[in-house]
Amino acid sequence: MINWPNFVSQCFNGLVLGALLALISSGLTIIYGTLGVLNLAHGAMFMLGGYAGWLAYSYTGSFIVAVIAGSLFVMVVGVVMERVIIRYFYGRPHEDQLLVTFGLGIVFVEAVRFFFGSLSKAVPPPPGLVGITPIGFMFYPTYRLALLGIVAVALLALYIVLYRTRIGMIVRAGIEDSVMVDALGIDVYKVFMLVFGIGAMAAGFAGIVNAPVVSIAPDVGEAILVQTFVVVVIGGVGSFLGAVLGGLIAGEIISITSMFNPGYSYVMLFAAMTLVLVLRPYGLLGTAGRE
Amino acid sequence: MSRHIIAHGVSRRSLLQAGAGLAGGVLLPTFSNSAFAVGMAEKPPIGTWPAGSQGDTVNVAAAVPRTGTYAVQGEDELKGWQLAVEHINNGDPLLKKIAPKVSKGLLGKKVNLLAADSGAKPNDAVQEQQRFITENKIVLMTGSTSSAVAVALNKFAQREKVLYVTGISGSNDTTGKDCVRYGFRQNFYGETAANAIGPVLVKAYGKNKKAAFMTPDYTYGHTVTKSVNDYLSKNGGWTQVTNQVSPLGTQDFSQYITNIANSGADVIINVNWGRDAVLSVQQCKQFGVTPKMQMVIPYQIPFLAKETGPELTANVYAATDFWWTLEDKYPLAKMFVQAFDKKYGYKPEWGANNAYMSFAIWARMVSEAGSFYPPDVIKAYEKGETFPSTVGDVHFRKEDHQLVRPVIIVKGKAPKDMKNKEDYWEVLEVLPGAPLMQKPDAFGCNLGDYT
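Protein chains in written order, with numbering that gives the first Met the number 0: chain W, 0 to 290; chain D, 0 to 450.
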């Protein structure tokens with residue numbers, strides 16, 4: 000028998016988790032779609048965003064400063080990483096790219112562990128978003144509700160950049176055919192750097208806004224990375240809207256299944272991914288033939 | 000700009016295969032002729048004996064989580080082992096209280112501690128220990144912060160005939176159905192935790208309560224939940240209204256907590272451990288289910304209060320192995336707390352204490368046996384002699400290799416009651432171990448052979 004208050008609460012949980020997954024996955028998917036590089040350090044970028052934000056919070060006590068610091072720091076890390084290392088790997092096989100990004104991920108995680116230890120660090124929600132809010136027949140943590148809005152705004156901003164600006168148009172063209180964009184006289188390497196920075200920033204932003212929900216530790220990005228890969232596969236590689244849709248679907252599958260039996264939530268998630276791979280191998284909103 | 004922008008497709012599979020082959024080669028066992036030099040007549044070589052104890056140094060190895068969900072606790076255990084090794088090598092007065100025959104080293108040899116990261120994964124722990132056996136001829140293995148690792152290393156120890164003392168392991172199985180001749184456990188576990196904290200809970204919260212369990216999905220979680228639930232249902236008439244089983248390493252507990260919020264429970268019995276416990280305790284508060292429902296921690300987590308803040312552990316009952324304020328009751332505890340605090344700059348938690356004790360006891364048994372020959376050391380443990388520890392006198396049960404030791408019941412202090420910044424828990428009771436334990440064969444222990 001379905002307990003309706005529980006069902007509605009679980010749908011909310013799914014929405015919050017899904018929105019977060021959507022944001023992280025959108026960063027991963029635009030990087031992969033444009034550069035062809037599967038960034039296994041993406042989970043570490045999420046973690047770095049949390050730590051940079053936490054550090055900023057410790058000094059200033061301001062959540063807004065923490066969010067800005069977390070996002071910008073990771074964007075800078077992304078750009079430097081692209082300039083110094085990743086760009087030498089565009090012409091190399093996928094295996095090399097996987098190994099180098101995997102290795103960078105380990106370096107980031109262990110560097111953070113070296114400086115800050117493994118003890119969890121908590122970033123409290125901003126004043127005004129503390130506590131629980133009654134919504135009809137249930138109570139829900141206020142910050143988690145706010146997080147839904149925060150992530151929605153961030154996704155909208157990303158959408159506008161990608162679909163309503165000239166730079167976004169070039170990036171999308173790069174996803175479709177980077178050789179042609181290059182041939183048209185656009186410095187595609189600058190675009191690549193930009194995409195890497197934006198993709199990393201999405202992860203860093205998600206890392207700091209999620210910190211009041213899940214306190215941060217050096218390994219915080221590891222688990223989320225696996226989920227974001229599933230989201231990208233479900234949504235379609237390189238598709239921003241696919242990442243959003245995939246994120247929400249994944250979040251709801253995990254939450255609603257756990258209402259019946261939490262042990263099956265990941266089984267159902269992977270089953271859904273398998274189903275998508277069988278029926279639409281290029282993902283729900285992906286394009287056939289795109290890598 | 001006419002270069003290839005993105006070129007894929009050249010396979011490196013062959014390179015990876017070659018790499019894997021090389022790695023496999025390293026793991027192949029090496030054979031030592033020196034093994035035949037000593038004691039051939041009555042004691043044929045076994046495990047790493049005698050090769051491992053022929054030089055002036057003996058190696059011991061810890062495969063301990065330094066990454067992942069249990070990283071904080073693993074790092075803490077490592078400190079306990081390091082201190083113990085230092086004390087064995089110096090013949091420290093504290094160590095000599097536990098192992099009087101130790102004098103600057105063990106049987107005239109320096110002890111050297113090796114360590115590797117297991118990530119709390121059984122496969123990784125076994126691989127690391129295999130490497131230490133092959134390359135370093137270790138005479139003792141340790142390391143576990145997860146009972147899944149303890150059970151795996153138990154079986155590995157029995158197969159390799161190298162002694163194993165557990166790190167932290169709370170599962171009934173470790174000295175129950177998965178017990179082995181070559182494995183020993185000195186800390187408390189599900190059954191003793193349940194029988195110790197059960198009466199306290201019935202007294203504090205009354206009979207016929209509804210309990211929601213939060214259980215990590217592996218041997219530790221399932222056996223602790225079963226033991227606690229059995230006690231409470233039999234002796235308090237409590238009912239389990241929900242059991243939320245989550246995988247190790249869960250970050251977002253919202254789905255589980257929502258189920259608990261809608262379960263009508265009075266008490267949450269949180270069996271999660273390490274970072275899982277930290278996150279579940281924090282998120283229960285976020286959702287407002289605590290303090291509306293009372294939280295209970297049947298198997299204490301080192302650093303929990305430090306990580307969540309004392310506001311969240313105030314009034315929480317927990318069963319534990321050691322808490323530093325026991326220094327007021329036990330002289331050895333005082334010596335240990337002082338030595339640890341001096342070396343590391345903070346009060347030790349139970350993981351470090353347990354690690355220290357495991358090595359101190361091993362040193363006692365080796366020095367009593369007068370040999371590193373594993374069957375002799377095992378028999379020293381199995382004599383069941385009473386010896387002093389940081390929680391009073393203790394002894395091993397020869398039938399299942401479980402230390403008979405007290406269980407400590409603590410209650411979280413509210414921030415206003417804390418006398419200093421590390422005064423998180425108040426010791427309520429120290430319960431003698433023997434009455435809390437099941438019969439040695441109740442969990443299906445069959446130790447196996449000496450050789």
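Keep in mind the hints are simulated off the structure, nothing from the lab. One thing to keep in mind: the hints can contain errors.
[As the list claims (entries may be wrong)] Computed footprint of chain D on chain W, listed as stretches where at least three residues anywhere in the stretch have a Cβ under 8 Å from a Cβ of chain D:
hint, segment
1, 140-147
2, 198-205
3, 256-265
[Claimed, not checked] Okay, derived cross-link-like pairs now, DSS-like style, lysine-lysine, Cα gap no bigger than 30 Å in a straight line:
hint, chain 1, residue 1, chain 2, residue 2
4, D, 95, W, 120
5, W, 189, D, 346
6, D, 208, W, 120
7, D, 96, D, 284
8, W, 120, D, 78
9, D, 397, W, 120
10, D, 438, W, 120
11, D, 206, D, 225
12, D, 225, W, 189
13, D, 291, D, 78
14, D, 96, W, 120
15, D, 95, D, 415
16, D, 120, W, 120
17, D, 305, D, 103
18, W, 120, D, 103
19, D, 378, W, 120
20, W, 120, D, 206
[As the list claims (entries may be wrong)] A few chain W residues facing chain D, derived, Cβ under 10 Å:
hint, residue
21, 112
22, 169
23, 172
24, 212
Beta carbons: idealized from backbone N, C-alpha and C, even for Gly.
Checked hints:
1. 140-147: holds (count 3)
2. 198-205: Since three or more residues must qualify, the claim that chain D covers the segment 198-205 of chain W is violated, with 0 doing so at under 8 Å.
3. 256-265: holds (count 6)
4. D/95 - W/120: violated, 39 Å
5. W/189 - D/346: violated, 53 Å
6. D/208 - W/120: violated, 35 Å
7. D/96 - D/284: Violated, at roughly 44 Å.
8. W/120 - D/78: holds, 22 Å
9. D/397 - W/120: Measuring from Cα to Cα gives roughly 44 Å; hence the hint is violated.
10. D/438 - W/120: violated, 43 Å
11. D/206 - D/225: With Cα atoms ~18 Å apart, residue 206 of chain D and residue 225 of chain D stay inside 30 Å; holds.
12. D/225 - W/189: Violated. Residue 225 of chain D to residue 189 of chain W sits at ~59 Å, over the 30 Å cutoff.
13. D/291 - D/78: Since the Cα atoms of residue 291 of chain D and residue 78 of chain D sit roughly 38 Å apart, the hinted pair is violated (cutoff 30 Å).
14. D/96 - W/120: violated, 39 Å
15. D/95 - D/415: It is violated: about 39 Å lies between the C-alpha atoms, which goes past 30 Å.
16. D/120 - W/120: The hint holds at about 24 Å.
17. D/305 - D/103: Not satisfied, since the Cα-Cα distance of roughly 36 Å exceeds 30 Å.
18. W/120 - D/103: violated, 41 Å
19. D/378 - W/120: Outside the cut-off at roughly 46 Å; violated.
20. W/120 - D/206: Between residue 120 of chain W and residue 206 of chain D the Cα gap is close to 38 Å, so the pair fails against 30 Å, i.e. violated.
21. 112: Cβ of residue 112 of chain W sits 8 Å from chain D, so the hint holds.
22. 169: Check failed: Cβ of residue 169 of chain W comes no nearer than 14 Å to chain D, outside 10 Å.
23. 172: With Cβ-Cβ at 13 Å, over 10 Å, it is violated.
24. 212: This hint holds: residue 212 of chain W lies near chain D, its Cβ roughly 7 Å from the closest one there, short of 10 Å.
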